[in-house]
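Kindly produce the complete structure, drawing on both the sequences and the hints.
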Amino acid sequence: MRTKPYATAIPLFDEVELLDVTGPISLLTGAGRQWNFQPFKIELVAGALGPVATRSSLHLQATHTFDSAAEVECLIIPGGYGALPAANDPQLLSFIARAAERAEIVAAIGNGVWLLAKAGVLSGVEVAVPLELSAALTEECPTVLAQTTVQTRLAGKFLSASKSALGLDLACEIVSRTFGKKLASSLSAALGVGWSGELEGLEIVTGPLLGSPKPLP
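Per my numbering, numbering of the sequence shown is gapless, rising by one per residue and ending at 217.
For the record, the hints were derived by calculation from the structure and aren't laboratory data.
Don't take each hint at face value.
Okay, derived cross-link-like pairs now, DSS-like style, lysine-lysine, Cα gap no bigger than 30 Å in a straight line [to be verified]:
#1 Lys4 x Lys181
#2 Lys182 x Lys4
#3 Lys163 x Lys41
#4 Lys181 x Lys163
#5 Lys4 x Lys41
#6 Lys163 x Lys182
#7 Lys41 x Lys182
#8 Lys41 x Lys181
Given below as structure tokens:
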């Protein structure tokens with residue numbers, strides 16, 4: 001088993017959806033507790049250090065800026081109402097583009113898919129999106145395959161979920177692909193997450209992507 005934590009980044013912006021951030025963090029940080037091991041080193045990054053207001057009026061603390069964030073292996077893009085105006089922030093989009101290019105896993109929740117599209121990294125990628133975002137997403141990126149009839153989608157290294165509650169399912173999938181399905185299943189059972197290990201889509205390949213994504217059995 002890998003002993004080095006996966007460098008994981010979650011970008012913050014005003015009115016980010018709180019659950020999209022705290023849900024995955026809760027599950028990912030619980031993955032190594034029985035071994036006293038930190039499998040994911042999570043950084044909250046923003047344009048400036050300090051508190052960032054969420055959609056729930058609570059504040060999250062950004063501990064790294066977009067320029068100072070470490071190399072990213074796992075990128076999680078939260079959504080919420082704030083993702084729509086945040087898509088006009090060139091500094092945020094530049095960070096997402098850089099991180100998504102190098103990351104082994106890229107996950108987006110709800111309107112977080114919009115940020116990936118605006119960053120120019122979703123060409124030819126199949127994603128699960130909220131119905132109300134589908135038309136704008138297709139107009140912004142004509143080659144994206146926007147799916148509104150599924151709740152989750154896996155395509156190569158990209159994971160997407162159409163709703164905030166499904167961020168926990170994506171986090172389970174991240175654990176499964178990095179540290180094994182058995183650990184992911186135990187975490188989902190402990191938290192009461194309805195993850196079955198059979199999300200719809202294509203298998204995620206960790207490490208450099210070679211060739212086409214492999215269909216799930």
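Outcome of the hint check:
no.: 1; hint: Lys4 x Lys181; in the structure: holds, 19 Å
no.: 2; hint: Lys182 x Lys4; in the structure: holds, 19 Å
no.: 3; hint: Lys163 x Lys41; in the structure: holds, 25 Å
no.: 4; hint: Lys181 x Lys163; in the structure: holds, 23 Å
no.: 5; hint: Lys4 x Lys41; in the structure: holds, 9 Å
no.: 6; hint: Lys163 x Lys182; in the structure: holds, 25 Å
no.: 7; hint: Lys41 x Lys182; in the structure: holds, 21 Å
no.: 8; hint: Lys41 x Lys181; in the structure: holds, 20 Å
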